[in-house]
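Since chain A is already given, all that's left is putting chain B on it; use the hints.
Chain residues, written in single-letter form:
Protein chains: 2
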Amino acid sequence: MATIKVHGSPISTATMLVTATLYEKELEFEFVSINMRNGEHKKGPFISLNPFGQVPAFEDGDLKLFESRAITQYIDHEYADKGTKLTSSDSKKMAIMSVWSEVESLHYDQVASILVWELGIKTLFGIPLDSNVVEENEAKLDIILDVYEKRLSKSKYLGGDSFTLVDLHHLPSLLLLDEVTEQEIV
Amino acid sequence: MATIKVHGSPISTATMLVTATLYEKELEFEFVSINMRNGEHKKGPFISLNPFGQVPAFEDGDLKLFESRAITQYIDHEYADKGTKLTSSDSKKMAIMSVWSEVESLHYDQVASILVWELGIKTLFGIPLDSNVVEENEAKLDIILDVYEKRLSKSKYLGGDSFTLVDLHHLPSLLLLDEVTEQEIV
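Note that the protein sequences, when read in sequence, are chains A and B. Residues 93 to 278 in my numbering are what the first sequence lists, from first letter to last. Residues 93 to 278 in my numbering are what the second sequence lists, from first letter to last.
All copies of an identical chain are treated as equivalent in the list; a pair is satisfied when it fits inside any one copy or across any two copies.
Cross-link-like lysine-lysine pairs, in silico, DSSO-like; alpha carbons within 30 Å at most:
hint, residue 1, residue 2
1, Lys232, Lys185
2, Lys156, Lys185
3, Lys242, Lys156
4, Lys242, Lys184
5, Lys156, Lys177
6, Lys246, Lys134
7, Lys214, Lys232
8, Lys135, Lys185
9, Lys185, Lys174
10, Lys242, Lys135
11, Lys174, Lys184
12, Lys97, Lys214
13, Lys156, Lys135
14, Lys248, Lys156
15, Lys242, Lys185
16, Lys135, Lys184
17, Lys248, Lys185
18, Lys135, Lys97
19, Lys242, Lys232
20, Lys97, Lys242
21, Lys185, Lys134
If you're looking for bench data, these hints aren't it; they were derived computationally from the structure.
Excised from the complex, chain A in its bound form:
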């Protein structure tokens, strides 16, 4: 089997999406650490893997990918017979899963990634946080969590009746936010 390589940083939640998926699929991989403090992600050779200079990037033999959610979807499809199945093969179930996958990416993560930056990364590096930004995004997060509460009263998991990529995509930032905020999230 071709070697799977993940180029990323252990403190990047987008990188964690990919490594968490690889663990769920019980796949071996090589981790290539990118030093973001030195700006290694903004120059060659990394920039040839992702023209936007963001971690992670991914290789599976000749195939080179970026964008974490495209990578996790590929892993689940390509290695369908390995580890936990993280998507559905039924067209209608898959459609519902895609709705909530978009909600994670376009609603939840837009807010969560700002809070991770403000409350997590900035604190880690001793940068003063912007309390207005934190307040505004905590209010937005509350609205999203209310929608999730309602969804989870009708569906066992966000994407459907089993654990899927939708749930997995929330985990890195959710666990990180749970550690750094007073809010009861998990």
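Just chain B now, kept in the frame of chain A:
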């Protein structure tokens, strides 16, 4: 065949993604017009179709969906034998397509939707635009278009060697921006 219904607004680019896909697939549908100026999208009955109160929402018989890109993907998969095929069935080609689909959603559209609002919708409703926001987002768009230029020097279409949902997802805002800006986009 169950009736397909699209609940949306003709001036919403997200709504246009769905109707453009239905035209490409040569499918008949009923268009339910949502009056956004009256805030119809923020209250019942629309809010029961999309808890985030955003157009479009979609029905195909019993199946109810929201999030435009989840809807277009569903349409192409469910009606695979109708009209133009807009995705690939090959796992590796699909992965590459997904990368550029994420780029459209998380890079291009984040910027384009702000410019559509500032230069398109605000002008239409006679609201003064914020020139700082326009300038900042035009600069961001330039960077993205440079990446696209490079991609299109190697690949016939953004998602691969044929026209796919990736290209289609760019069309509504691209055509609108081309009309309202001085920049040569299309």
